[in-house]
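With chain A held as given, fit chain X onto it using these hints.
Same order as they appear, the protein sequences are chains A and X. Counting in the working numbering, the first sequence runs from 933 upward without gaps. Counting in the working numbering, the second sequence runs from 933 upward without gaps.
What the hints contain is simulated information worked out from the structure, not anything from laboratory work. Any given hint might turn out to be false.
Stated by the list, open to error - Which bits of chain A does chain X cover? Going by a derived footprint, with three or more residues having C-beta under 8 Å, they are:
no.	stretch
1	1107-1121
2	1351-1359
3	1362-1371
4	1379-1385
5	1411-1423
6	1494-1505
By construction, the Cβ of each residue, glycine as well, lies at the ideal position given by its N, Cα and C atoms.
2 protein chains.
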Amino acid sequence: MASQWVELRDLKFILHEVFNIGEEFLGKGKFADHDVDMVNMVLDQAAKFTENDIAPTYPDEVQRKPVEAVFKDGKVYVPEAYKKIYQLYCEGGWMTVSDSPEVGGQGFPALIAAACAQMFLAGNQAFLMYPGLTHGAARLVEDHFQHPLRETILEKMYTGVWAGTMCLTEPGAGSDVGALKSTAKKNADGTYSITGTKCFISAGDHNLTENIIHPVLARIEGDPAGTKGISIFVVPKIRINPDGSLGEPNDVNCGGIESKMGIHGNSTCTLNFGENGKCIGWLMGEERQGMPIMFQMMNEERQGVGTMGVALSTSAYLHALSYAKERLQGVNIMQMKDPNAKQCPIIQHPDVRRMLLKMKSITDAIRILALYCYYAMDKKAAATDDAEKNKWEGIIEMYTPLVKSFCTDMGDVVTNLAVQTYGGYGFCREYPVEQMMRDNKINTIYEGTNGIQALDLLGRKLGMKKGLYFMNMLGETAAQVAKAKTNDNLKAEAEIVEKALNACAGTAMQFSQLIKTNPFIPLIAAWDYLNCLSEAICGWFHIWMANVATEKLAAGPIEQDKMFYTGKIEGAKFFINRITALVPAKLETLTKDEISCVRIPEEAFAV
Amino acid sequence: MASQWVELRDLKFILHEVFNIGEEFLGKGKFADHDVDMVNMVLDQAAKFTENDIAPTYPDEVQRKPVEAVFKDGKVYVPEAYKKIYQLYCEGGWMTVSDSPEVGGQGFPALIAAACAQMFLAGNQAFLMYPGLTHGAARLVEDHFQHPLRETILEKMYTGVWAGTMCLTEPGAGSDVGALKSTAKKNADGTYSITGTKCFISAGDHNLTENIIHPVLARIEGDPAGTKGISIFVVPKIRINPDGSLGEPNDVNCGGIESKMGIHGNSTCTLNFGENGKCIGWLMGEERQGMPIMFQMMNEERQGVGTMGVALSTSAYLHALSYAKERLQGVNIMQMKDPNAKQCPIIQHPDVRRMLLKMKSITDAIRILALYCYYAMDKKAAATDDAEKNKWEGIIEMYTPLVKSFCTDMGDVVTNLAVQTYGGYGFCREYPVEQMMRDNKINTIYEGTNGIQALDLLGRKLGMKKGLYFMNMLGETAAQVAKAKTNDNLKAEAEIVEKALNACAGTAMQFSQLIKTNPFIPLIAAWDYLNCLSEAICGWFHIWMANVATEKLAAGPIEQDKMFYTGKIEGAKFFINRITALVPAKLETLTKDEISCVRIPEEAFAV
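Bound-form chain A, shown alone (with noise of 0.2 Å):
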């Protein structure tokens, strides 16, 4: 019985035997003390965790009591389940999987904390958000923050003694950084007076943990006004005494939480930073630096957010494909005009297949979209010179930005496929699927809307280093489309891949020509084109993942994974045929001079 949470083959799989991290980077360099064993055994526990103590805490509503943050006479609660699961997570090590043994971490590939992220975030996102920040603020803390309690907030964070957040979003200032009110002012003693008001901040307070470490940007009196002018401070909500010790609270007050339409157990707090003027800051890094230190922590968010839509996707599907196994209903379609036919399982149904294959082959491709990234990572962290670190420097840039919106938006679609495959079940509390979707939801809002990673690919990351990056990347592809066309039974799949992934090269030059002429053409398109390059590329991962399960059958397996790659194979085909072969068609309509929606008068929207 396949699992309704985690797909611990397909993770091995992609880590194993497509990126093959056994000779790549295990028992190499800075991974010498590791094995595939090693590999596996987390994994393996990473997958039990989930099950057996995360997953248990997902449902928001329990017997029609809601299960969610509570915001009471100015303090935060967390649901009561929370606080055994983190202190599990804490003890298991679950922080720093991949962290340098410097700060306690197990010092892992990135990859390997990936993949059990994927696992823990499909159990329950609104939970592994606390520890996730707090890892995401540590890793700020870690290279950024010079200050004698440096190594104590370190240790305290990293084994979640202490936990942290981002402080960005102001009322005022969501999307646009630039226009935060948040002000910053120099004491005598080098540390600084933090005054302002901060929202939407996930995991913002609770009582999980007796302190927390707040990244909070603010821009220090006299310092430019837009995003030049901007500096980040570390801001506990308890003042930390010179021996590491609590002192007093540190005037950071919570005015609030969010109701909101998934993720409830994940407090969403409205910040009052220094209502009473005792709010002290320690500068990170330098002044008006707080950009790009920022920005470290947000693209480290923004894989963290694509994964939490590959999470999703699998619980919804896995669910879904679990419920379509046992519900009957109606009678197979070749015994139609049967009169003694029984009621079949709904899988065998057409229509239901094709919702199934839909949900099971997007999430194949994003689930290995997300992790490559962390393969890049990995890659860059392992390459002896400078050009083979750019390049794979490059790859991260450009597929940030796919990650996080494709990743989500997909999200969307499984989610509601998954609802949709319950039929009227599927609506109710009582079953999950409804709160996948719901949850889902913020992912492609947070972390830089999926319209502004759009813009980010579009208008920084096609012409970076003149195109070089987008050029790596596309030539990352060829090896293994020209490997599946040989092979007779993927050979019209990769020439389709082929095709979209060459439509998608030549879109990017007509757009570097057309944003001098009439830029509002790709302007308007950004969106549409991260979505087809995202499908181009998924197909590519989609025929690499089919030639690795080409070659394993060969090999004969044993019957489990011979349905096993034969799924793969199956599900390359359905995407590349359905998804992959449209994308020269939207690209077409893209380069149009078809500016509709510029040219109408505002007025004219509505009457």
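Positioned in the frame of chain A, the structure of chain X alone reads:
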């Protein structure tokens, strides 16, 4: 300031300027006493009622307290605010806008009631389902119930003193109606004793009315299995004495209500009939005629559900538009290099405009798509010869699955985009768009899932009368396409629409062959084909509207109308160039011998 709930100007445009009901229907035949002013008065009143009374009851959470139907001690309570609007709805005569004066109705064309319903549903779908189902059940009683109490029941239902439902689904019989287990046993006095459990019964029990009339599908003892043996019964919640007064409870008990993703104000009930052997029903129509009678209501409800998709798209779009005009964030792209540029409303950003015009052009399309079916009903009712009647009957048959499926799937798309337009605020319950997204999801499921609609189109409708209905449907599009081709500003779009419609016809021909040789190809393609046909047909509707707008613009209208007509033309261009244009490429993928989702072994979906 445009409304955030209703697009009154758009409804009048379709009724008067596109469908030209003044010439077509009003003042003639059974509409001899109706004129344009009366229609506009009704529409104006409906808009006001929606804005002032219905919409304020919309939120399903107020100050963090749920507003929902509640089940307590065996009884169901609707949200308190529903009582007043239910009373206003009944007193206002809204139940019977287009019903015959013989039953107390106002006798307007069906289009008028449909236009009002689009507005009311936008104001609160969960509420409107109570009177909506009452009306549908009353129509069945009117057409099929022969009994001394018929007049009494009709009068009580059409005035809203008693309510109605449709009791079809059972826990083991959803899409597979023939599997139902409810039974009826004929008594000596001609009544039937009913036993069985029904689930997912919308508005199944509540405290809005003193009685509820349930049409119940059940099998008379000894009748054959499957759909052929099903009969339908009138089963009151409270027994009715021969003089029309209420008697004892009729052993119809609510076993509970569902906790759902959305439409929290509507009670989705499990109903137990005859638990104590004391549930009495009267036969409706003849024995074993349950399915065709039920389908009369089902087909009307399918139009109604499509209308729900239109309604939620409208209110979601209008809210997003209003927000986009107010929310300041970032600077206008043309001022990017100006350090003193002020923040602009987000409607000025190209990607936001793309989302808005996508929402608008889809909503405009599905609005007229849904109304066209009612137009066909009025044309059929007004037809003076059988050929004409038959033609419009064919149009209704062809369009019903498109209306139910495409309008609601697009409801998912538009409500999702509305959430996205709000950014983080869209995910918060403080704003209504997240609720609209949750509410709409049921519309793709109930009254026949959209997958069922696609099979209805492909398996039944395309081949009806040897394809004549389908040919008629396409034939109706010719005149407006030809007219647009003579207009330089619409010629390119008209050609795209023509090409898409021709491709739909061609694919249908291919399917009719394939269904004999490789039936899985069309069966797998059914849902996508329904969407392609809808996207092509909606292109035609846009052409039709743009033709009208072009003529009106030429006449030099007042400024507000100029904006309105300009919006119609730009919306048409966006929809046709971005959506209809892709239809031929999509259809091409559907006719390929690509049946991976049938070929894949069940065990290969996940291991």
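Structure-based check of each hint:
1. Counting residues of the stretch 1107-1121 of chain A whose beta carbon lies closer than 8 Å to any beta carbon of chain X gives 3, which meets the minimum of three for the stated coverage.
2. Coverage of the stretch 1351-1359 of chain A by chain X holds. Counting CB-CB distances below 8 Å, 6 residues qualify, and the rule asks for three or more.
3. Proximity of the stretch 1362-1371 of chain A to chain X, defined as three or more residues with a beta carbon under 8 Å from a beta carbon of that chain, is established by the 4 residues found.
4. Residues of the stretch 1379-1385 of chain A with a Cβ under 8 Å from some Cβ of chain X number 3, which satisfies the need for three, so the listed coverage holds.
5. Beta-carbon proximity to chain X at under 8 Å applies to 0 residues in the stretch 1411-1423 of chain A; the threshold of 3 is not reached and the given coverage is violated.
6. Counting residues of the stretch 1494-1505 of chain A whose beta-carbon sits less than 8 Å from any beta-carbon of chain X gives 7, enough to reach three: the coverage restraint holds.
When held up to the earlier numbered hints, the structure conflicts with hint 5 and nothing else.
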